[in-house]
Amino acid sequence: MRRLLATHEACLAALLAALVLAAWQADPAFVSGRVQAGLLPQIGETALLAVPMTLIVITGGIDLSVGSAMALASVLFGLGFRSGWPVEACVAVALAAGLLCGALNGWFVTRFRVHPLIVTLGTMSAFRGLAEGISAARPVSGFPETFLGIGQGWAAIGLFVALCAAGSAVLARHALGRQIYGIGLGEAAARASGWNVDRLKASLYAFSGLTAGVAGVLFTARRNTAKADVGAGLELEVVTAVVLGGTSIFGGRGTLIGTALGLAVLHEVRQFVGWRWSNDVLNLVVVGALLIGAVTLNGVISRRPAGSVEGG
Amino acid sequence: MAELLRTEGLGRSFGGVRALDGVDVEIAEGEVHALCGENGAGKSTLIRILCGALAPSEGRVLWRGAPLPEGVHRREAAGIAAIHQEPVSFPDLDAVDNVFLGWEPRRGPLLDRSAMLRRTREALRELGEDLPLGRPVGELPMAQRQMVALARALVRDCRLLILDEPTAALSSRETEALFAVTRRMRERGVSVLYVSHRLDEVFALADRITVLRDGRRVDTVPAAATDRAGLIRKMVGRDVPATPDSVRGTEGSPVLRVDGLSLPGSLQGVSLEVRSGEVVGLAGLVGAGRTELLEAIYGLRRCHGGVLVGGRPVRPGSVRSALAAGVALVPEDRHRQGLIPCWPVAWNVSMASLGAVSRLGWISPGAERERAEAMARLLQIKCAGVDAPASSLSGGNQQKVVLAKGLCLSPRLLLLDEPTRGVDVGAKHEVHQLVRRLAAEGAAVLASSSDMPELLALCDRIVALRGGRISGELRRGEFSEPALLSLILPEEGAA
Amino acid sequence: MRLRGVPGPALVLALLCALATAINPVFLSPRNLTDMLLAAAPTLIAACGLMLVIASGEIDISIGSLMGLCAAVAGTLSSPDRLGLPPSVAVAATLALGLGVGLFNGVLVSLVRVPSIIVTLGMLSVLKGANELLMSGKWITRLPDGLRVWGTGSLLGVPVPIAVCGAVVALAWILANRTAWGRRVFAVGSNADSARLAGISVERTKLAAFGLAGLLVAVATLVSVPRLSVVDSGVGVGFELLVVTCVVVGGVSIRGGTGTILGVVIGVLLLSSVRTVLIFLQLGESSLYWERAIQGALILAAVMGDAAGRRKEARA
Chain A
1 MRRLLATHEA
11 CLAALLAALV
21 LAAWQADPAF
31 VSGRVQAGLL
41 PQIGETALLA
51 VPMTLIVITG
61 GIDLSVGSAM
71 ALASVLFGLG
81 FRSGWPVEAC
91 VAVALAAGLL
101 CGALNGWFVT
111 RFRVHPLIVT
121 LGTMSAFRGL
131 AEGISAARPV
141 SGFPETFLGI
151 GQGWAAIGLF
161 VALCAAGSAV
171 LARHALGRQI
181 YGIGLGEAAA
191 RASGWNVDRL
201 KASLYAFSGL
211 TAGVAGVLFT
221 ARRNTAKADV
231 GAGLELEVVT
241 AVVLGGTSIF
251 GGRGTLIGTA
261 LGLAVLHEVR
271 QFVGWRWSND
281 VLNLVVVGAL
291 LIGAVTLNGV
301 ISRRPAGSVE
311 GG
Chain B
1 MAELLRTEGL
11 GRSFGGVRAL
21 DGVDVEIAEG
31 EVHALCGENG
41 AGKSTLIRIL
51 CGALAPSEGR
61 VLWRGAPLPE
71 GVHRREAAGI
81 AAIHQEPVSF
91 PDLDAVDNVF
101 LGWEPRRGPL
111 LDRSAMLRRT
121 REALRELGED
131 LPLGRPVGEL
141 PMAQRQMVAL
151 ARALVRDCRL
161 LILDEPTAAL
171 SSRETEALFA
181 VTRRMRERGV
191 SVLYVSHRLD
201 EVFALADRIT
211 VLRDGRRVDT
221 VPAAATDRAG
231 LIRKMVGRDV
241 PATPDSVRGT
251 EGSPVLRVDG
261 LSLPGSLQGV
271 SLEVRSGEVV
281 GLAGLVGAGR
291 TELLEAIYGL
301 RRCHGGVLVG
311 GRPVRPGSVR
321 SALAAGVALV
331 PEDRHRQGLI
341 PCWPVAWNVS
351 MASLGAVSRL
361 GWISPGAERE
371 RAEAMARLLQ
381 IKCAGVDAPA
391 SSLSGGNQQK
401 VVLAKGLCLS
411 PRLLLLDEPT
421 RGVDVGAKHE
431 VHQLVRRLAA
441 EGAAVLASSS
451 DMPELLALCD
461 RIVALRGGRI
471 SGELRRGEFS
481 EPALLSLILP
491 EEGAA
Chain C
1 MRLRGVPGPA
11 LVLALLCALA
21 TAINPVFLSP
31 RNLTDMLLAA
41 APTLIAACGL
51 MLVIASGEID
61 ISIGSLMGLC
71 AAVAGTLSSP
81 DRLGLPPSVA
91 VAATLALGLG
101 VGLFNGVLVS
111 LVRVPSIIVT
121 LGMLSVLKGA
131 NELLMSGKWI
141 TRLPDGLRVW
151 GTGSLLGVPV
161 PIAVCGAVVA
171 LAWILANRTA
181 WGRRVFAVGS
191 NADSARLAGI
201 SVERTKLAAF
211 GLAGLLVAVA
221 TLVSVPRLSV
231 VDSGVGVGFE
241 LLVVTCVVVG
251 GVSIRGGTGT
261 ILGVVIGVLL
271 LSSVRTVLIF
281 LQLGESSLYW
291 ERAIQGALIL
301 AAVMGDAAGR
311 RKEARA
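Chains as they are written, first to last, in my numbering: chain A, 1 to 312; chain B, 1 to 495; chain C, 1 to 316.
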């Protein structure tokens, strides 16, 4: 039991509880169920993107292009809609675009063996540039009510919970999950054991791209607008949540529960700051500081001698 | 001659393994002092302690009677320089930078570049070497990289030059050049600690020879006072060749057939055959292509040419294809390629065969643990249970875990790359027994090793690689160290 | 002289210049060339600093936000509409800010051992937030002449930004090739363990690299912002991507240990010519949008080129 309490996830849960308590003290209205429920959809897209990001970071990689892929998906959705296509077709195009973006990342990372950081830095630019070019920076809106419905609801959160549950099971018990951790801890040993490392990595990046496509569609539904600056800076939030959740940026360690808790902490802090000071800008400072603080703490903690067998 | 360096009661342990035990060595000024011993005798541990890269567990090192400062950098300044087999350097920087990094001569705030160039050229001229000064050192061949490291030592005005297996990757011409350098050092009054397996070289160069065995100093004798046989007797503790102490099974049909395998840059037209029940050794110098051959057969490297296992071709570059054909590899670099050190033993054992302990990919921890425990019993792996992290085991037991990983596949071909490197003598014997038993049960074994006595004791047949090609083969009846050496050493006049 | 990774981009640059001249011979006119250099100067100044950071094996993607904050600080301190302090104070404060932020990044990376991608990803946000807070959504339009001269003045007939840029490039070259510290930066990026064994303080080397990079961003801000008619919180957005692209395209490997100032110069000029060609093609507004896509494509092309070059080298 003591080992359970000493885990990173337990510390996060404690931090979350402390935060909510502090927020309640400062402003009880914030903690009301209704307010919280209303704020939740805002973290929907970030949460969705955090699932594949967690898996990618565990393998020792990173995907900085998720925000830009989201934008491209959104823009293509808008373009299709403006051209008179049925909504279903537009959604399909958006998802396909996301998947292609991810596949491109995966191809570059595995084929050229270049660090994902620089690849996704490049695709981050390329995808957003494409989105800007295609849409000529003109937003599209006026989508049908039925479509907008999926954005207001809890589709994103629901999908996140499902992915999180499935993903956690895979990470903990499935051979694929074992391989994900193994690649992050020792890629050479992984290859020497006959694992198809390249295929797994490429699939994870493709998954990330597909998720970005979904996030793009959901965002478009939520805000009733398809434009090229969607998701700008979102990769920072996603990486912050993942790292806050205890996933090591060096790979080999991390859980989806941790990411979920990290998302919760990030969300609460951001929303409270926005609620109290009505200043979106403070958000930026807070998120950035959280990221640095989280990794520093993580680094300090992981210097503890690792005697126990961690699931990640 | 005056004493230059002395060690008193030097000892060093790694986890459970005692690498050095109460070693007293004394090196005089201006002498060439050879250090001999089998693999695992403690030579490299001693070297690392002397040059400052490793701290001893007990004992101390005295330099002209006074204790030495810690750290490679300070010892370099004091006058000790070590040239390792793989020269440690900065591959992206050029020779001049490599020579002067850390103690650059300045003129005001800037580097005295002309002095750096001049002194580097001088040093290289003295070494008889001519290499391009502007190219990144990583692009130069190993022998030239060694020369750069030597130049660094020369320019640093070292008093004790430690050469660790320096001729392993050199041609005979380059070896002669190195000998000339060594003799010139001695004339300058510089001492040389020469570590080598090559007994001819030792007798050609050394004034005195110290023999290490199992971490202890066995003897120090003037080179003139002993001969090759006497030296070997001290190193091994018995007369060689050792007779195998287990029955050899009859050999069956060919399991591995390699036909004209080529790997650009490493291997050229290699053909060989291993039968079931046979243990075939692979001998050769560093860089001859042994690891590359094993990796090519296993599918870790894409090669040209045919590899057939059990009559079925193995797809080049596909480890899965090799595994499916029944090939298992115990790689050379245990910590990087063989294991994931922070994972438990059970997880490491099942790494290459997750399918056997899982259904539709969902792993059954119970089945995994059971199988790991069975393996641990079979191979006598000493660990605090199969849930203990692999990093907590000794080198020998770690090697057994890697072996267990391969054995889970019931391989018909077992590839071993340096199977007892970093393994203590007791475990070494156990590993050899295991290999012989596996062969008797029908497996085909191809074992690469730089430890010649090991090959001579373990194998039915030894294939020699030289410069990426097969240079010859010895059958059990023809085994002898000199015969094997002549097959793996570069030929006369080779570049 | 080491020239790895330079011939490729140099060739592309030459081709681009030929293409541009073919589209519109004005390309080679002194006026156009000066304009191009003026536009490229801040990028080149910052790229010299970033090159050393990357050569040491790290990265800094916060330099765009740093530029924005430096602009905000310089403007706020010196503008008659704000604090109206003497321009020298504003200049000193800006330089100090750049150096300070750089050193802060460096401390986190080298002493606290936080990966540089994380530190600079976080700082990107923090600095941007600070910038927005300082500007409070307003603009600065009036700047004193003492500050304007940094962007629009001339030194012996050479525009100040170009002169400053030339000096920075020369200094950077001397630092990288003729000082011990410079060689150590590459050594640390090439093999940090060996560097430590050789007695080099990896921490101090990297710390200095980050500090210098931050300082140079401040210098780049000082020679570019005074040329703007309006200073708002959007200054510097996307700058880090541009500079990283220039550096990577210029042959500096992201793994560290390699890179030349000449390569960086060519990388910057290459990206400037891309922009000019886009303008010449008279695509109007949309040329700006496609520029970002091209930057991304260039990084990917550089990546492929680097990988191909690596495969040619002997396998270890």
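Simulated from the structure, these hints should not be mistaken for laboratory data.
What you are looking at is a predicted structure, and each value in this text was computed from that prediction instead of being measured.
Some hints here could point you the wrong way.
To be verified - Restricting the straight-line Cα-Cα distance to at most 25 Å, the calculated cross-link-like pairs of lysine to aspartate or glutamate (DMTMM-like) are:
{"id": "1", "chain 1": "C", "residue 1": "138", "chain 2": "A", "residue 2": "280"}
{"id": "2", "chain 1": "B", "residue 1": "382", "chain 2": "B", "residue 2": "21"}
{"id": "3", "chain 1": "B", "residue 1": "382", "chain 2": "B", "residue 2": "441"}
{"id": "4", "chain 1": "B", "residue 1": "234", "chain 2": "B", "residue 2": "187"}
{"id": "5", "chain 1": "B", "residue 1": "234", "chain 2": "B", "residue 2": "214"}
{"id": "6", "chain 1": "C", "residue 1": "138", "chain 2": "A", "residue 2": "229"}
{"id": "7", "chain 1": "B", "residue 1": "234", "chain 2": "B", "residue 2": "8"}
{"id": "8", "chain 1": "B", "residue 1": "234", "chain 2": "B", "residue 2": "441"}
{"id": "9", "chain 1": "A", "residue 1": "227", "chain 2": "C", "residue 2": "193"}
If you test the structure against every hint from before, which numbers come out violated? Violated: hints 4, 8 and 9.
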